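Colleague: Given only the sequences and the hints, what does the whole structure look like? Please build it.
Residue numbers (full-length UniProt numbering), protein chains in the order written: chain A, 1 to 281; chain B, 1 to 281; chain C, 1 to 281; chain D, 1 to 281.
Think of the hints as simulated: they come from the structure by calculation, not from any bench.
Any given hint might turn out to be false.
No distinction is drawn between identical chains; accordingly, a pair holds when it is met within one copy or between any pair of copies.
Lysine to aspartate or glutamate pairs mimicking DMTMM-like chemistry, simulated, CA-CA at most 25 Å apart [claimed, not checked]: (1) LYS5 - ASP209; (2) LYS24 - GLU51; (3) LYS5 - GLU210; (4) LYS5 - ASP71; (5) LYS211 - GLU81; (6) LYS211 - ASP147; (7) LYS211 - ASP84; (8) LYS5 - ASP147; (9) LYS87 - ASP212; (10) LYS87 - ASP147; (11) LYS5 - GLU51; (12) LYS87 - ASP71.
Remember, predicted model here, so these are calculated numbers, not experimental data.
Number of protein chains: 4
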Amino acid sequence: MANFKGHALPGSFFLLFGLWWSVKYPLQYLSQKVNKKSQRIYCFQRVDAIEGGLKIIFALIGMLAEQFVPDGPHLYLYSGENHDWVKLMNWQHTTMYLFYGLSGVVDVFTYLFPVVPLGLDRLMLSVAVFVEGCLFYYHVLHRPMLDQHIHSLLLIAIFAGACSTMLEVFLRDNIVLEMVRAGVTIVQGTWFWQIGVVLFRPWGGPMWDEKDHSNIMFLTMCFFWHWAAAVAIVAINYTLTYCCIQRRRAGRGEPYISLTAQQQKRDTSSQATFLSGSDEE
Amino acid sequence: MANFKGHALPGSFFLLFGLWWSVKYPLQYLSQKVNKKSQRIYCFQRVDAIEGGLKIIFALIGMLAEQFVPDGPHLYLYSGENHDWVKLMNWQHTTMYLFYGLSGVVDVFTYLFPVVPLGLDRLMLSVAVFVEGCLFYYHVLHRPMLDQHIHSLLLIAIFAGACSTMLEVFLRDNIVLEMVRAGVTIVQGTWFWQIGVVLFRPWGGPMWDEKDHSNIMFLTMCFFWHWAAAVAIVAINYTLTYCCIQRRRAGRGEPYISLTAQQQKRDTSSQATFLSGSDEE
Amino acid sequence: MANFKGHALPGSFFLLFGLWWSVKYPLQYLSQKVNKKSQRIYCFQRVDAIEGGLKIIFALIGMLAEQFVPDGPHLYLYSGENHDWVKLMNWQHTTMYLFYGLSGVVDVFTYLFPVVPLGLDRLMLSVAVFVEGCLFYYHVLHRPMLDQHIHSLLLIAIFAGACSTMLEVFLRDNIVLEMVRAGVTIVQGTWFWQIGVVLFRPWGGPMWDEKDHSNIMFLTMCFFWHWAAAVAIVAINYTLTYCCIQRRRAGRGEPYISLTAQQQKRDTSSQATFLSGSDEE
Amino acid sequence: MANFKGHALPGSFFLLFGLWWSVKYPLQYLSQKVNKKSQRIYCFQRVDAIEGGLKIIFALIGMLAEQFVPDGPHLYLYSGENHDWVKLMNWQHTTMYLFYGLSGVVDVFTYLFPVVPLGLDRLMLSVAVFVEGCLFYYHVLHRPMLDQHIHSLLLIAIFAGACSTMLEVFLRDNIVLEMVRAGVTIVQGTWFWQIGVVLFRPWGGPMWDEKDHSNIMFLTMCFFWHWAAAVAIVAINYTLTYCCIQRRRAGRGEPYISLTAQQQKRDTSSQATFLSGSDEE
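Modeller: This is the structure:
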């Protein structure tokens, strides 16, 4: 839906997932390090499955919203009488949601059937993000300058996310890549909101001049402020997660995570196995 | 041949190979897992050789078809009297087939002579796909908008396939990459058919308006529906293969493939060796 | 600041860092080789932290300079009366400095808290360079040809640096990548000076004709002369570092670094572990 | 020199190196395999040094030719009287040769001083090719269509070569990459000749119509015929090398290189170490 809600809805979805990932992956990384890399914490696999379920639900919500809003296509694709396609915008958005739904399905299957090759879930997620990017690329081509620019900035975040997720197919459980994914997803979420606010002014305010080059310049800069904010959010969540773990261990009378040179060394050694897919951490 | 047959022919070739790969590679992967990665199943190498032979045959069929159709160049490249090139379109298509033929030759040689370095077969295939992409890129430059757009969408699938195949040079026997290749090849096949149907309407129907932007938008979306379909096909074939193997083993009274955490673990460990070229599978 | 100082300031920063890196990394590499890769020389980690501090200081200087020059925005972003943005150029430059500051902060944290995953520092640096590149890309779009070309050449160095630094996330302590980073940073520094000199002629001299194509051609060539110079500088610094180490060892009566085939062999073996992140250095 | 000689000269250089590499690397690969990967054949390192020397000589010849042809700049860069640059074309070509010279210098140093990090030679070669590509990209921008297209095709080969050589920094002694480099270099050589023949018709013949689109189409196709030819040449040289080794061993009464499954297996295992830089082969 080319209106505020149509941007706020996916924005919120991405924001939720980004924030959740920025908590989940540090938790996984740190608790594995605590447990001396001994056993893979099984619960995290269940969490992946639940995530997949949420993706499916969100995707369904998105698709239904795009289809059945008052001015939606209501599942009509081609109207016979006036020989034309019906609401292709909504159909394209539906397609985007569809691929995120597929990604969710693969997540669930990966959990249910160990015979599914590892990495397919990341691959499917990466494809979903990539498809979203391609569809955006083509469907903002013939818009006014401001509209086109603000969406093309979104493409930077989208394709950055697609690439880093693609890398995760081969470098699974790489904490750096996972935090990149979390950050990029947060940026996507906040920028969707920004787009909605700039183009549709939900709370009134003056219209943005679509020709004014200084608006373009401001938005370019603003986009990277979102990046800086995302970096800060991820860092804060990482720190909070670390503190929680330390406190819980202190409560259980266990030793703190040692911050010694050895620890550092173990880090480097785990870093050494990044390129050979360090999932045994 | 810029007509329906000229798109249906390569489309069918790609479709056949894509479908075959989406069965073969899961079969290889699963049967290797069953056999505890002990011995490399030799028969699969013979299958590769047969594939190479098929590629050569298909390439020859394609080249002959392009050359000797009634309105073809019949191997004339330059006509002396009117000082011009003869049917360059057909010659370009012939060139595309030629490289797939070369790829087939390398496949056969890799099987016949163990001294041929491994990876050359994948490399040659990747080059063939890349060359096809380049030739398409240049020879749709000066077409009407719809024609150009529908072919440029094809380029996405082509270059995605070229990249993933290039990766296989270094990550041989990586099931994820192999399934990507299968999926992308299926998309190429179906999309060739789509192009033929849209541009040449073999079964009549109204002409597509080449200027109408909504047609462009629909085709963009339709292209990714082909992707979703390909994902589904690959998934279904993977499942069927798995079921066949299980039934056969059950028939032979052998244990089922265990779906325990250990199995999962072995998966992750094999996944861990992806980047170091998992050849022990 | 779109004037000479505004280019000389960042130019000097990059030049300083590039030169420093071209000394530091050979030093680290060679002294580790001398010490038989036994223990990681700890002091180098402290050096990283100090570097981070310097980055922060330089970034602050840059931001304050951009904000509080006489014709700067003085932290005003939007002026109410004439309903327009204030000095967006300066704001964009401030944003660039901001990300380098963030990179410095991450460097310091990586040193202080071993629990910070290794690679985040390189990642943040790479993001900072990438952001600089994106902002440059957008804010020279509507300039005269010469101005645009001379900045677009800078983009080559910027994105080359961003990519090589991104690789360092996975190939930490890879001497080749580190020397690439040093060289590219030197080029950026010198080219910033070149831009300032060409566009603003601090020492007078004739105006450059912005339309003249031969000026474009000369600058293109000149840019790669800077590359050649950077290569030479890095090579010289590497040699000097090597000589210093040899002399110091000679002074301490220790044996010279052997240049035998074994040495060569050890090199190759360490080279062999490049892709698995050579952390034992 | 924008004339036939100016294209034939570099073309011959590239052709010589491509052909030489297509013999040298198979020789190295096969003789190492024969010797059971035991010792690195030392002579090949001396050969690298000689290659470096040849590069330097060729680069010098090229630079002198560009400078001191009758219509060359004779080392004058800026002419005072008519306030303009002198023969920038020749200067740009000189710059290209310069970087190949630098690459040669690094080759020699790598041989002389084992302390030079491995991979720098490949890096420098890759940079030289990349610089050549960038300079070509910029200096054919404002040419007639045919001229621009024929050079832009060259860019495909150039950047493909730059990428594969860059990969060799991390995957040294990877026979596949080395054969890619050989093939791409041969294509560059032959295509330089093609350009010279098409644009300057050294042996007379009719002028090519620069506007005619069919000429563009033919050249695009012709470029990839050069690729096919290069593939054939590399394959033939590989075979000849193999036969020579076999005959020599037969003469010395040594066993043939075994073509058994074990051999195959060893291949795969060596293939397995590709990504961890297989130079111990």
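Colleague: Report the numbers of all earlier hints that the structure fails to satisfy, in ascending order.
Modeller: Result: no hint breaks.
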